[in-house]
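J.: Chains W and R, in that order, are what the protein sequence lines are. Residues in the first sequence are numbered from 861 upward in steps of one, following the working numbering. Residues in the second sequence are numbered from 669 upward in steps of one, following the working numbering.
Simulated from the structure, these hints should not be mistaken for lab results. Even glycine gets a Cβ: it sits at the ideal position worked out from N, Cα and C. Treat the hints with care, since some could be wrong.
Stated by the list, open to error - Per the computed footprint, the stretches of chain R lying under chain W, defined by three or more beta-carbons under 8 Å from a beta-carbon of chain W, are:
| # | stretch |
| --- | --- |
| 1 | 1058–1068 |
| 2 | 1105–1119 |
Said to hold, decoys possible - So the derived list for chain R, only partly shown, Cβ under 10 Å to chain W, looks like this:
| # | residue |
| --- | --- |
| 3 | Ala678 |
| 4 | Pro829 |
| 5 | Arg832 |
| 6 | Met835 |
| 7 | Arg837 |
| 8 | Val973 |
| 9 | Arg977 |
| 10 | Trp1088 |
| 11 | Ala1122 |
| 12 | Leu1123 |
| 13 | His1126 |
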Amino acid sequence: MLSTRGEAPGNIPRMLRRPPVDLEIVVPAFNEESRLPGTLTEVVGYLESRPWSSAIVVVDNDSVDGTLEAVGRFAHSPVKTYAIGCSEHGKGAAVRRGVVTSTARYTGFIDADNATPIASLDQVMALLRQGYPAVIASRRAVGARYEVEQSLVRRGGGWMFRAAAHLLLPDIADTQCGFKFFDGPLVRAVAGNCHIKGFAFDVELLAQIDRAGRRIAEVPVVWTDVPGSTFSARRHGLRSMSDLVRISLSR
Amino acid sequence: MNALPQLARADVLFLNWRDPAHPQAGGAETYCFEIARRLAAAGVRVTLFTARHAGAAAQEDVCGVRILRSGDTYTVYAAAALHLLTHRHSYDAVVDFQNGIPFFSPLFTSRWTAGVCVIHHIHQKQFDVRFRFPLNSIGRLLEKQASRMVYRGWPIVAVSPSTREGMRRDLCFRNPVHIVPNGGPGLRPQAAPRSDVPSLVVVSRLVPQKRVDWLVRSVPRIAAQLPELRVDIAGDGPELPRLRELATELGVEGRVTFHGHVDEGRKRELLAQAWLAVVPSAAEGWGLTVIEANAVGTPALAYDVPGLRDAIHNGRNGWLLAPGEDLVSGVVTALDLLGERGARGRVAERCRSWAAGFSWDDSAERLAQVVLEECHRTHRHRHSRRGPSDLAVIAQFQVPGGAVAAEHAVTGSLRRSDRWVRRDDTFRLLLRGCDEVRASLALRRLGVTEATLALASHVDQLVPPGSAAP
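Bound-form chain R, shown alone (with noise of 0.2 Å):
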C-alpha cells in the first residue's frame, strides 16, 4: 500500500517550466513542490529541474528538494534536453509536467529510465489566444499529434476526470491514464467569523480567462436585490487596473475590495468570512479555489466548465451554473439559500468533509505509486498488450474472521495504483482500468467470490475509497 517509502533512495527528475519561486508561479507549480517535497522528505533524491528566472540561483536545495535552473521560458526545454542527455545514467525515474510546450523527454531517456508526464489541462484552445499563426498551430501540433508520438506507452497523471476527458477527446492520446488529484489545505480551525451581512469572495489570478469582470459587472444587479452585499476580490495580475476602474464606473467601489496579491494567512481569512466563492473561470484542469473554499466551510458557486465540475457537486458543496445562464440570479438564488443560519452550516459541515478528502500526502503517494508501478515495468522491460481503460470498479466484500489473511492477500496481489480501505472485516477496493468482469477475476485470485461490484463514478476516483461524496 505504501509506495513513498519503497521509492526511498530512488533518483527522480522532475521537470516544470517553472519552480515555485518563480514570479508567475500558479497552482501547478505547487502541485509540483508539494509532491516533490513530500517524496523528498520519504527518502527519494528529488531533483527539479526549471527555467531560470531573474535573480535566482543556478542551484539550491529547497525542503530536500534539490532545484537547478537553467534557461528561460523557451529556452529551459533545451536546457532540459541537454541536462537529459548528459545525465542519462543518473535518475530512475523521470516526471515530465506538461505545459503546453512538452519537454519531449522521451525523446532523451534511456531505455532503463521510468517516465511519467503530468498534465493539469489542454491548452488546445488557447494557443489562439496567446498567439499567431504560425506559432498557434505549432503549438497545437506539439501538443498533440507530436505528443501523441514521444510519449507513446508512457503512463499520464491527469489532475481531474476533466483533464482525463480533454486528453482522450482533443489529444485523442491512448496511454493509460492516472487520476492523482490536487491536494488540499487540511482543515484548519476557523479562521475568522462568518460575516453578518451576504458576502462574496473570489480568489483567483487576474487574468482574462478568469472572467473576474462577468461578476464585478454582475454586482449592481444583485446589489439590488441584496442591498447589503460585500464582493472581497483577492489576487493579482494584469487585469486588476481594469477591473478596479470597471468598479468606479458602475458605482460599486464601496461594495467591492481589491486585496491584491494575499498570504496564505490572509487568503484564508477571506474565504472564512465569505457567504460564498465564486470562480467564474472558463476553464480550469482543477478547481483548487473550491477545495480551498470548502476547507473552510465555504460552498462556491461556478459555470459547469472542465474541473471545476469536477470540484463541485450541484447543491451539496456549491454551485454550477449552465454555461450561459446568467450569474446574477445564480448568485442570488445561492445568497438566499445560504440566508438562513441553519442551512449555512449544514452546508459548510458538507464543505468541509470534501475537503478533507484531499491531501498533499494521499496526492504523494499517488504519484509515488504510479512512477514505483512504471519503475518496475520498465525494468521487467514488459509492455502491457492490453489496451488502457479508464474505467474503475470498486469492490466491496467481507472475510468474517479472516481479515487479517485478506488483508495480506490484498497487499500482495492487488497492483500498486489500485486502492484498498478495510474497516473490520469489509473491504472496499478500487481496481482501477478493467470493468466488472476482469476486477472479478482479480478477485476470485484473492479467493473473494461473493463481492458487491460497481463501477467507480469520478467522485470515486478522485478521493480515498473511505470517504463520502459531498
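Looking at chain W on its own, in the form it has when it is part of the complex (with noise of 0.2 Å):
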C-alpha cells in the first residue's frame, strides 16, 4: 500500500506544525487507554529531569477506545503532550505522520507499551549530540538481555524476519526495536520518501538513512516483552516479509 500524497513534510500545512524543541518522542498508540498512561507517566517523569527541552507526541491510529481521553489527562503535565491523529492504519503510518508534522532538533519514536526502558534515552542523546545521525535500540547488540521472552512462534517468524532484513542492512543487529531516535532535518527528510505503512517501516526508514551513506549507531537495551501487543503473526506477517521484499525492490 502506498501512502498518500501530501505526506512530505513540505505539504504538511503550517498550523499541523507544533513549535521547535531540542528532542520530541513520537508514540504511535492504537488502542492503548490501559497501557499508555502508565507509559507516559514514566516518559514525563523522565524528560522533567532532563535539561534538553522536550515533547511528547501521541499519534492516534485510528483508536476506538478512550485513548485520546488518556492522553488528556497528561495536559497540564510540566512536559508538553500532544496528541494527534493518523487515520491510516499501521504503525509506520503513525509514526510518520508523527515525524514529518515534527520541527524538533532530533525526533524518535517509542512503543506504546514502554517495553524499552526510556532511561536508555540518555547514551541515546549522548550519540545525537556527538554527531551520530540515527541512533537506534538493539535487543541483540553486545551488553542486551532480554528481561522476559518471548513466545516461541513469534521468536521464529521474527528469526525469518530478520534473516530477511539483514540482507538489506548486513551491519544492523536488530532493526525492529521500536526505540529509534534521529536528527530531526534528516529523517524528515527521508521519511518523505517512505511509504511502507506496516511494521517492517523501521527497515525502510533505516534502509534510506543507510543509502544517504549516514552512518546507524545501535544502543544495547535491556528489554521487556509486555503482554497486549498489537502484533500478530497471523495478520501482519506475511505483509511484513512482503513490505520487505518491496524495500529490496525499490532500491
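Hints in hand, dock the two standalone chains.
T.: As C-alpha cells, this is what we get:
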C-alpha cells in the first residue's frame, strides 16, 4: 500500500506543525487506553529531569477506545504532550505522521507499552549530540538481554524476518526494536520518501538513511516483552515479509 | 445543514423487532420510534415493520408513522424478509435496527435502495446467558461473522462510542460508523423538591444484568453510615419479587420503596427528589437513565462499563466506580459530597447543562443525515475506496467580515454528516472520519488556511459542536 499524497513534510500545512524543541518523542498508539497512561507518566517523569526541552506526541492511529481521553489527562503535565491523529492504519503511517509534523532538533519514536526503558535515552542523546544521525536501540547488540522472553512462534517469525532484513541492512543487528532516534531534519527528509505503512517501516527508514551514506549507531538495551501487543503474526507477519521484498526492490 | 426537510417525501422503512406498544418495549424501541415520528413530522413517509404481539393490530397509524406488524419474536425476521422482497420498489431507504439477531435486510433489498443499520449494543456475551449450546453459538455467528459479510459496505449507526468500540473489537466490523446518540427528555421545570434526607433512586427494568440486587445488598452498610437514608426503586421485571424478599431479609424494607412500573411524570418526580441516581448495570448501550436523571439536576453513580462511561464524566455529572470497587464506599463518598447544599447546586447545574446537549430532534436530524448521505451515494453507484476512520477533527477558524459568504461555502462543500456552528465570525466544525491532515485539505477547499485543529473526543462526537462537556 502506498501512502497518500501530501505526506512529505513540505506538504504539511504550517498550522499542523508543532513548535520546535530539542527532542520530540513520537508514541504511535492504537487502542492503548490501558497501557498508555503508565508509559506517559514514566516518560514525562524522565524528561522533566533532563536539561533538554522536549515534547511527547501521541499519534492516535484510529483508536476506538479512550486513548485520546487518556492523553488528555496529561494536558497540564510539565512536559508538553500532544495528541494528533492518523487515519491511515499501520504503525509506519502513524510514526511517519508524527515525524513529518515535527520541527524538533532530534526526533524519535518509542512503543506505547514502554518495552524499552526510557532511561536508555541518556546514551542515545549523547550519541546524537556527537553527530550520529541515527541511534537505535538493539536487543541483540553486545550487552543487551531479554528480561522476559517472547513466545516461540514470535521468535521463529522474528528469526525469518531478521534473516531477510539482514540482507538489506547487513550492519544492523536488530532493526525492529521500537526505540529509535534521529537527527530531525534528516529523518523528515527521508520520511517523505517512505511508503511502508505496516510494521516493517523501520527497515525502510533505516535503509534510506543507510543509502544516503549516514551512519547508524546501535545501543544495547534491556528489553521486556509486554503482553497486549497489537502485532499479530497471522495478520501482519506475511505483510511485513512482503514489505521487505518491496523495500529491496525499490533500491 | 438540515437533512430532515431534504429527506421529505422519501419512503423509508424502519425494521425493529418490537414497536413501542409492545409489553417488553425498552430504550431501543423508544429510540426507534422517537426518531421515526420526527422523520414523519418532517414529511418523510415512514413505515415501521415489527413483530405482532397479542392484541395488536396488523396495521396502524401512530403519530404519522405507518406501523405494520407481522410474525412473533422469532418469525418477524422471515416476515420482514418477505415484506422486503414483495416491496422492492416501495422504499428509498431501509433503516435496520439490529437487536442481537439481525434482519439481514441487505439480502432482500435492491441495489437502488439505501440501507443503514443501527446497533444499540453488542450481544456476543449475552448469548451464553440466554441460550445453551448450540443456539448460543449460532447467535454469536449470526451477529458477528454472518452480519459482517451481509452488511458489508452499509453505514452503521452506533448509539455511543462504547458501542462503536464493541463493533470494532468484538464484531470486527469495518463499515463506516456514525454516532447518533439517544435524545434526552429536555429541560423541564423541577418536578419535585429535593429530599431533605440523603436519598437514592434506581430507575431500571428489574432483570439480572441490571444488578439492582447489588444496591439492595449494600443498603444496610450505607445506612450504618447515613441513618436517614431512603431508597426508591422504580421499574418492573422478573426480579421484583426476589428483590422485595431480599429487602425484607436484610431488614431494610422500611427504607427501600418499590414503586413498580411508573409513568413518565412519576419517574421524573422520583428522579428529581433524589440526591443521587444509581445505575449498577453490568453494561448498557448508552446510559439513558443517566441523562434522564441529569435533566432534573440529579447526578448518577455507575460502574465504569460500556455505555455508562460515555454518559457519566467522573466527578462532573456523576461518579464512575472501577469494576470490582465497593458500591458502599462509592455511594457514601458521593452522598457525603452532596450533603452540602452548595455542592448539590453546582453539581445539578453541570448535570442540566450536559443533559441539554441531547435532544431527540438532534438525533433525528443526525440519523436523517446518515440516511440522506447514503441515498445520494447509492444513486451515484459509488463506493468509497478510502478505509473508514473513527477519528474526527474539531476545526475552529475565524472569517472576519466574510462570515456569511463562508457560511455558504461551508454549507455547500461539507459532507452531510459533518456538523458545524457559527458564532459571529467564528466557525466550529466537526469533521468526521478524518485526521488533521485530511481536515486541513478540506479546509483548504473552503479557502481557510489558518485554523486550530484538534482531534475530537468522545464528548465532541456525542453532543452538538456548540455545547460543552459537563
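J.: Could you run down the list of hints and mark each one as holding or not?
T.: Comparing the hints with the structure gives:
1. Interface restraint, the stretch 1058–1068 of chain R with chain W: holds (3 residues with C-beta to C-beta distance below 8 Å; minimum three).
2. With a cut-off of 8 Å between beta carbons, the stretch 1105–1119 of chain R has 8 residues touching chain W; three or more are needed, and the interface restraint holds.
3. Look at R:Ala678: its Cβ only gets to about 31 Å from chain W, farther than 10 Å, so that hint breaks.
4. Restraint check, R:Pro829 versus chain W: the minimum CB separation of about 7 Å is within 10 Å; hint holds.
5. A least Cβ separation of about 6 Å between R:Arg832 and chain W falls short of the 10 Å threshold, and the interface hint therefore holds.
6. Because the closest C-beta pair between R:Met835 and chain W is about 8 Å apart, less than 10 Å, the hint holds.
7. With 10 Å as the threshold, the beta carbon of R:Arg837 comes within range of chain W, its nearest partner Cβ sitting at about 7 Å, so the hint holds.
8. Taking 10 Å as the C-beta cut-off, the interface hint given for R:Val973 is violated, the closest approach to chain W being about 13 Å.
9. A cut of 10 Å between beta carbons decides the hint on R:Arg977: the least distance to chain W is about 8 Å, and the hint holds.
10. Checking R:Trp1088 against chain W: minimum C-beta separation of about 18 Å lies over 10 Å; hint violated.
11. Checking R:Ala1122 against chain W: minimum C-beta separation of about 8 Å stays under 10 Å; hint holds.
12. About 5 Å separates the beta-carbon of R:Leu1123 from the nearest beta-carbon of chain W, less than 10 Å, and the hint is met.
13. A least Cβ separation of about 7 Å between R:His1126 and chain W falls short of the 10 Å threshold, and the interface hint therefore holds.
Of the numbered hints given earlier, the model fails hints 3, 8, 10; all others are met.
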